[in-house]
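Each chain, written out:
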Amino acid sequence: MDWSFILAHIPDYLGGAWVTLGFGLCGVLCSLALGLLCCLARYFRVPVLRQAAACYIELARNTPLLVQLFFLYAGLPRVGVLFSAEACAVIGLTFLGGAYMAEAFRSGLEAVEPSQAEAGACIGLTPAQNIRYVIFPQALATAVPAIFANVIFLIKETSVFSVLALMDLMNVADTLRTSGGRTVEVLFMLVAAYLLILLPISVLATVVERRLRYAGFGDQHSV
Amino acid sequence: MTDAILRVQDIRKSFDGNGVLQGVSLDIREGEVVVIVGPSGCGKSTLLRCINGLEAIDSGEIWLRDEKISGQTKNLHLVRQKIGMVFQSYDLFPHMKVMDNLLLGPTKALNRPRQEAEAEALEMLDRVGLKEKAYVFPRTLSGGQKQRVALVRAMLMKPEILLLDEITAALDPEMVSEVLNVVIDLANSGMTMAIVTHEMRFAEAVADRVVFIEDGLIVEEAPPEVFFHAPSTERAQRFLQSFTYTSRRRP
Amino acid sequence: MQGLGINILFKGINFQRLLGGLWVTLRLALITIGLSCVFGFLFSLLTLSKNRWAKAVSRLWLEIVRFMPQLVLLYIVYFGFARLFGWDVDGETSAVIVFTFWGTAEMGDLIRGSLTSIPRHQTESAAALGLTQGQIYLHVLIPQTLRRLTPQAINLCTRIIKTTALVKMINVTEVLKVGQQIIGQFYRQPDAAFWVYFVIFLLYFLVCWPISALSRMLEKRWA
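Chains as they are written, first to last, in our numbering: chain P, 871 to 1093; chain D, 171 to 421; chain G, 109 to 331.
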């Protein structure tokens, strides 16, 4: 292992890490928003929007991100819809992630006892208040593990962004590999970089999940 | 009857062609405690659920004072602010402390100032003997305590009528009386109530009038002393007999 | 010629070529799925073993596939193995190695999860009826495990199929590459790229969606 090579190229990897993390988190935030919208459209049975959300979720979950990106980046411009590589990255990741987040929220909502919604209704809450104060907080607590799993999944998925010619970690490594030929060092740093990004997120997930478990959620029917 | 606070007129409700309520009419006067009894699946819980709109009725009308409340969908939450309901499964919100459970309705649905509502909530918790539990999470409470909190939560909305749906059915036997005593207190303070229960001795103690439902129809209506000791219909007699046991024959 | 790009798909054997490209990844996916089932079973024995080292190895294995993007693993095998061990692995073999490594851990974890989710009193009450250990497995535990496992395992299959699209990144000629070749031949047709990538998107959807639907149907029926 050539440590001087590794030290010399840390800045390259830092740059790549920022691209990976930046686009990853941007995509995650947009995915959460889109997922929430889809989930609410289905929960409140909003006509048209509900069916649109269901179709979208199926399309996004049953196609690879790589193919989605090719369509966005190389296909759509040919019919006059042109996005920058950066926009494609965020749109592509959001298209994929929104569907996964919607499913995470949905499973959270399904885990809330239907009687909770009735109890909220019985103290005169409007449907919106009921969702906001009673149902959604409980659904979110159940959905947190799935949401974090999606975050890690989405950040891993950013590794194909090199097809958009973005200098993410993968592309930095690939460029160094083809120019310098130090394959082992290049790959070692690539693994280390992904670990340094994903491990803290995983630790955060564990902490949040543990805190939620202790936050006073009791078994409904335990006496 | 002019002083009826709640009027249920010939309501029908079926699930998948199964007629659960087949024309039920019932008036409840202000301050009256009506206990509804009947075998499992007779429609008594469905009746309560229809009254506060958790189930839509197929036909008939329900009036709360001068307001027709059946058939409404848009302002259902305004109707429900006037009708309290407590279920068998307590349904406290597990992510909120007891006090937040109690204040959610008054502060969000009724827009009352939090401090004022909180003082009132503490007072009512004190009345049911749970003042020291105001700031704990529901999971730390016993079933009987949860159910008393649920009663307070419903009462803080100052409902015109309170519906209790088998509120002791999920409780261990020794906790039943602590909950039912609260209900008897409420009755004494003049609360109008419709109560579905399987506790016949409690029914006899608290009721002004007993309504016996079977197969989606009201079979008998009578004051408790008549219903429990000299029911006029044969079906009510058979129902009451099911609560007694024949002792084992010994040779 | 605007708007007629879709016609190129029906010129000559273009459509068959695309299907051939799709078959490249599907075949890889099928091989991976088969191997993952076999090795996944062995992996689950590893996780359930009482041996500390066996547990640790399986744990580490699972963490590696959870944290490393599959593309990074592909690079390690495809580019790294030659340097590290002097072992020159071609693209398709690398793909089978990496995806099986990943699929084995995921499948093994699903099997472990389904086995351990069966309540202990199921075994106890079966034993109380006087069944032998073998009978308990055959009649009580295995049927319940399969019911829990099958929907999730089928779902993993769609994930494997989607993931095999990544072989594009290590120069395997698969459906996207074939698409690019077709687009190259018809460079005079400006919207060719749109239609080619759109059809590839649809092809993946048509493969994965029925499998997802089957998984969901089984899950609902056996829940």
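Hint data in this document are derived by calculation from the structure and do not stem from the laboratory.
Please read these numbers as outputs of a predicted model, since none were measured by experiment.
Some hints here could point you the wrong way.
Simulated coverage check for chain D against chain P, where a stretch passes if three residues somewhere in it have a Cβ under 8 Å from a Cβ of chain P [stated by the list, open to error]:
#1 188-200
#2 235-249
#3 322-334
The C-beta atom is built at its ideal place from N, Cα and C for all residues, glycine as well.
Outcome of the hint check:
Evaluation of the coverage hint for the stretch 188-200 of chain D: breached, as 0 residues show C-beta separations to chain P shorter than 8 Å, against a requirement of three. Given a C-beta distance limit of less than 8 Å, the hint that chain P covers the stretch 235-249 of chain D holds, as 3 residues qualify and 3 suffice. Counting residues of the stretch 322-334 of chain D whose CB falls under 8 Å from any CB of chain P gives 3; the rule of at least 3 is met.
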